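Number of protein chains: 2
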Amino acid sequence: MSEKWVYGFDELPAAEAAAGGSWDGLRGLLGGKGANLADMTRIGVPVPPGFTVTTAACNAYLAAGESFPPGLWEEEAAALARLEGQTGKRFGDPANPLLVSCRSGAKFSMPGMMDTVLNIGMNDAVVEGMAKLTGDERFAYDSYRRLIQMFGSVVMGVPDEPFEEVLTAARKKAGVETDSELDAAAWKAVTAEFKEIVRKHAGEEFPQDPITQIRLATEAVFRSWNGKRAFDYRKAAKIAHDLGTAVNICTMVFGNLGNDSATGVAMTRSGATGENQIEGDYLINAQGEDVVAGIRQTKPIELLKEEMPGSWAEFEQVCERLEQHYREMQDVEFTIERGKLWMLQTRDAKRTAQAAVRIAVDMVDEGLITPEQAVLRITPEQVDFFLHPQYDRVQVERAIRAGDRLAIGLNVSPGAAVGQIVLDADRTEQWAKEGRAVIMVRPETKPDDVHGMLAAKGILTSRGGRTSHAALVARQFGKPAVVGVAALEIDLEKRTIRVGERQLVEGDWVSIDGNTGEVFATKLDTVVPDINDPYLSRLLGWADEKRRLQVWANADYPADATRAREYGAQGIGLCRTEHMFFDTQRLPHVQRMILHKQDPEVVAACLDELLPYQRADFDGLFRAMDGLPVIVRLIDPPLHEFLPGQLELALEVAALERDGADPAKIAEKKQLLAAVERLHEANPMLGLRGVRLGIHLAALTRMQVRAIFEAACQCARDGVDVHPEIMIPLAGHWRELEMQQAALEEEGRKVMAEQGIEVAYKFGTMVEIPRAALTADQLARFAQFFSYGTNDLTQTTYAISRDDAEKGFLMEYLERGILAENPFASIDEEGVGKLMAMGVELGRRQRPGMEIGICGEHGGDPKSIDFCHRIGLNYVSCSPFRVPIARLAAAQAALREQGFTAK
Amino acid sequence: MSEKWVYGFDELPAAEAAAGGSWDGLRGLLGGKGANLADMTRIGVPVPPGFTVTTAACNAYLAAGESFPPGLWEEEAAALARLEGQTGKRFGDPANPLLVSCRSGAKFSMPGMMDTVLNIGMNDAVVEGMAKLTGDERFAYDSYRRLIQMFGSVVMGVPDEPFEEVLTAARKKAGVETDSELDAAAWKAVTAEFKEIVRKHAGEEFPQDPITQIRLATEAVFRSWNGKRAFDYRKAAKIAHDLGTAVNICTMVFGNLGNDSATGVAMTRSGATGENQIEGDYLINAQGEDVVAGIRQTKPIELLKEEMPGSWAEFEQVCERLEQHYREMQDVEFTIERGKLWMLQTRDAKRTAQAAVRIAVDMVDEGLITPEQAVLRITPEQVDFFLHPQYDRVQVERAIRAGDRLAIGLNVSPGAAVGQIVLDADRTEQWAKEGRAVIMVRPETKPDDVHGMLAAKGILTSRGGRTSHAALVARQFGKPAVVGVAALEIDLEKRTIRVGERQLVEGDWVSIDGNTGEVFATKLDTVVPDINDPYLSRLLGWADEKRRLQVWANADYPADATRAREYGAQGIGLCRTEHMFFDTQRLPHVQRMILHKQDPEVVAACLDELLPYQRADFDGLFRAMDGLPVIVRLIDPPLHEFLPGQLELALEVAALERDGADPAKIAEKKQLLAAVERLHEANPMLGLRGVRLGIHLAALTRMQVRAIFEAACQCARDGVDVHPEIMIPLAGHWRELEMQQAALEEEGRKVMAEQGIEVAYKFGTMVEIPRAALTADQLARFAQFFSYGTNDLTQTTYAISRDDAEKGFLMEYLERGILAENPFASIDEEGVGKLMAMGVELGRRQRPGMEIGICGEHGGDPKSIDFCHRIGLNYVSCSPFRVPIARLAAAQAALREQGFTAK
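Those protein sequence lines, which keep their order, are chains A and B. The first sequence maps to residues 57 to 959 in the numbering used here. The second sequence maps to residues 57 to 959 in the numbering used here.
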């Protein structure tokens, strides 16, 4: 196979052809960084010469048991020779040395997860040559020691600590605070010690041959694809493990050649708010890694305008050019070498949800993208951020007055998070597993900390900026984060943190605000923010125009319904009536009814008590949803749920008996226990509930229907436009529906006759067991609508008891990759989905145009919403907080179906 | 609509045309009795003239709110006029009166369930005329009082008791024992009193007009279709409620005109054994109802040969003619009026299972029917009788020596039944509902007693013969019965029974033997009989030739497998391995393993203990099934099933703590309780079991597979032809199968390598949750066979927890007719069956010719077997005792598919 493994940055057309012509294919082949370097080269952006070794090469290398497949190294060596020609420099030539960087670059950005080696090409001879050429011995040795350190660490597996110890000792010896204060002699000595460290730890010398350096670095980058931290990151970010990484070999440019040199990272717009202005950090006289490592205090990019106005102007132009080209906000790395701007990387920038929305809307206004693209660019999860908790400002003010505001840092990832302080990633993960809320507090974060960051409620660091590792990762995974809190002193040994006089120990509660950067030494309550962001409103407005699916909400109380409506719900898809029975005023009547369910008189008396409550519940709901449909589900859960637990009660009776308690009290408890025992079921999920209960205890559902119709009639009389739809749960056989529906419809008609007013209504059923879907045509003879109860449908189709399994084997399945997805989170399309599609087809065959929706929790899951769109449901119904998300997801489903894409 | 409602017995062609030409249609239109009367008339059998009012007329009458639809009565009146012409007699003419009977006759025989009125046409004038015409005043008044009594009871709703009181008083007054000893004067007086009773109870006079009598009697028969006892009977016998009954009006002939007259009932062969000789009972000088009522002691039919040789010869000829014509054993009613034989009814005879099999086989030998017809004539339930329990003869001999054999009666319905004496039907039903075994003991049974007979284990009566109500019903419903135990004295008031010196009270235990007629005053143990009846063997041999489905058996132990093989099983479709773990020697190891399942060393140690046991189990099974496949299912149930119950344990711990028990003991119990709590699941049916457990506790299934392969290798070395098939339960996703199967197959190969011998094997899965059927194509990539676990598949498809529901709402559903059938008894074809058909189609699409069977309990249910045949399964697997039944049912399914019928 004559595959080409290596492409120069200036060989884009050949790479495109090899990748099948698509941008996605090109990114797959060259990695995101490599593709962008080549692309920037083509559009005239200043990029240092270099080339990319493809992801295919990486995969071939890994597949061959970590050895170069035939031809690969030869091709890379040829590319190196070509690079010498392009730059007019030569590897290992002290008089004119060619130095390169070696960076990983996968298809999807994995910041800091894989390895980089800079300054490759230096050796004992070259360093001397460079000192002469630049006239800066300090720079030359600083560069060389960096290579030895990075190469030692990345390629030769030497730990970081001995290098750091040498640096600390050097600073101490020189009596200085920072590395930049060390002079040439110091660096020369450090270099010698570094080489000794490498020899000692790796058992061999630091290689002097530049070509060997490149070869070994290439291999190290390849191998880093399968490193633990990269693997964990991919798992969390749902990136496929078989993509491989490319390796980018790029001519070195130096930001540390003096005060006319600089290096920095920037985003073309604000990653926090989306405001259209360049945002970033830079350092004068520094190498690139210094900026993202968060070690030196960076300068905000605005200062560059003053410090290097010429470079700034060129940089601004490049940024605009890049946005025009990619039609996306970019995240760039640049270096200014003696006044000359070089772009080292560009990629689509990460941003907060708020920023993403604003940028998408702004770009439509700027004519960069269409509204369809804007809608497709925002992920439903991003909409979710607008619903994230925030702190109640009154409480915040109180905390401030009480002196509980510890500090203010950088607000790099929005949202409010409350938790106990933990000072390392492992313990964070451990505590979180125990169900504790944790705020992970670190001086700075590293890729090794990601498992802790994922487990934490929020992240707090004393160092780092907006583009620090902590900020990037927190934003990507939606964790509230405050970074760069300089006032924060962390003592990792004593497990304490201190701000001024105030000391907290690990385990103390803190509250952080990712929106404001505030840190509180107390446990604050959170509230849900207002969703009426003007940019989001415009975006969702476009979404509403594009979608075919309606979005309804599951709401049991009028307040929920009102909120759902504010969020854009077009109906109530599920009002669970049994929640109402748990109210303390009502539960005694419910329990009495259950204990005497064989006695029609007692049952009737209890129902008489319950009727006014239920009627009032429905009345509020109908008024809140004036003009929109409201689906009320009749009682569903097994009766024992309204009674105390059998085990507790049995132990209580045993205890009372042994204590010689009042016999009357014992008798009463025993009677209750007997009732609980009678109602006990081995598998309540598959037991006496839903329509079965409605048939068994017919008076109860009759009362519920009476309450619905009495409320509806009253509302209608008051001019409210009511659309009650009564839903019978758990039907599995048409005879159940025939019997239950006839009895209930009779009651409804009776109420309307009594009240002298007619309201439009529907009767329908929940499709939540496989048999209902399999015989949907028969059910549709009676049911005027279907609503998929996908929680139960998944439980029965998969034979998985959700509550049990999500604590047990299902988690094991997900962890071990036996199941790729939790079927309770996203609809199992191959199994449950097949039944759903069958139900739609059979139902509408019997009753053309039948109203069919979904009210299981999947109704708020974007992937499931896409599926619901594809099988032709009329609506999805989800929790009020998911309504905006569902509106977007429904629009995206429609747009995708019509062939629209985000780019 | 110009429908014809009435057909003369001599108008068969017209009726046939109206019924669409089929015999089934004709029976539907005229009822079984009417169709046969017309048919007998056509083939020249002596039948008194008469006509049939159709079932359609009945339905029209009932549909019209119990009133004659237009034209019906006019047509019946015309038929009556025609009857006068045919007989030359006239209604109400004292000089030449025409008397008729009015009998119900539905499509399917419902003996005694509906009403009959004899001697219609008599009145105060006719009775005098008849006295003169016959010269027998006693006969005339006896006939008249019978009409008044029957008419009063059936048509006018007068209770029986006052009539019986009058008769008792009359006998007492005359100082005689039986009615036949009463003289004319006595009957005349009784007649007057009967008319008075009618007047008093009905509030009106007994109608004197014969035409009115017929009209009212016709209506009464129509209405009796919806009477409670007819309704209950149809429900029990699964006869549709919308068929309606016909009314047969037939000229009266009299068996009570002196000693040259007689009446009787007979079967053309033995209803008990099937032997080819006429069997029946008759009475000289009696009317027909006297025979079946069981009131007078009848004579066996053989005696007729001596008493009336001429009539006997004619009767024998008629019986043979009828058998030739119907190609079935007949049950006939006849009357001899002054030496002239009249046939009043013929119908297919009821018979014991043994008789049915012998008759079918004999009729093939006699050339009357084909083997296919023979196979289709035997119901699977009849084969079941051959497997019914019988008494151990050793115990019986012991009981006889101990003086516990109370009496010997008529062995009218086979099988052994043991239970407590109950003396009425209501209490029988009550006790049976409470789970008690009851023998219902009655002087005789009546249609009102059927609910008790159905609830009883067996029936014992002191009166009645082989054709008595008790005998017929017991046989039809397969209840062991002994009748006509003359020695038995029943005191309904004191609730005791007595035989000679021995007195038993209600609640005492008795054992009856329907095969021998013996009654024991003790509780005997039953044993299962030998199935090697030569007639049955021939029949099943024919069945085996006709069927496409194989029949396998579910067997966990070698002894079960041996029995299954004797019964004709062609493989083991399900060996449940977990049963083996409950053995007292093994359970401690199992429990220890569960308690320490996180500790691989303890688990391994426990499994080492269990391995030899499992290997020995499989060894025996493979040897028993030499040459045939054996499907071994890996562990299926949730682990908590091997531990004590949570509630019991919690109460025990509480008690120990309060009693201040040994702390070590408490700690031990608490540890166990904690483990039970950890394993507790809200819905274990949908929990950690089957393949989920196999994955979770991989070492356990690995041990099981090792045991299977070690046993198989050892057997193979000994020359046994082993075919192990390993079944993974509860798979729902192909990844489960991929993972589990690979690990297990590896273990199997390892064992074979160790043992140095190869055996053929298969890996497959149980399809028992909806998702497995829905994704059967994916599962079939791994599974080499499927076996439908329809118990669980029904539970999940229907969302019904079997154990809970069969104690609860499912029974309510069946009682209220919401579900026509228990889906755990017969496959729910519309729901579960749809999934099964889908699974077969998808599975074989992926793996052509794939072996697919069923191992749920439905595998032994004839209706489900028919379904399994239709969807193309390879085999059904059922309990060993159901194997012969399944062999027949499978053959019937194949024959039905090919268009064969029983007739």
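Bear in mind the hints are in silico, worked out from the structure with no lab data behind them. Computed from a predicted structure; not experimentally measured. Some hints could be false.
Copies of the same chain look alike in the list, so a pair counts if it fits in one copy or across any two.
[To be verified] Computed cross-link-like contacts, EDC-like style, restricted to lysine to aspartate or glutamate with a CA-CA straight-line distance of at most 20 Å:
#, residue 1, residue 2
1, K725, E131
2, K653, E868
3, K653, E871
4, K653, E724
* Checked against the structure, which of the hints given earlier come out wrong? -> Number 1 only.
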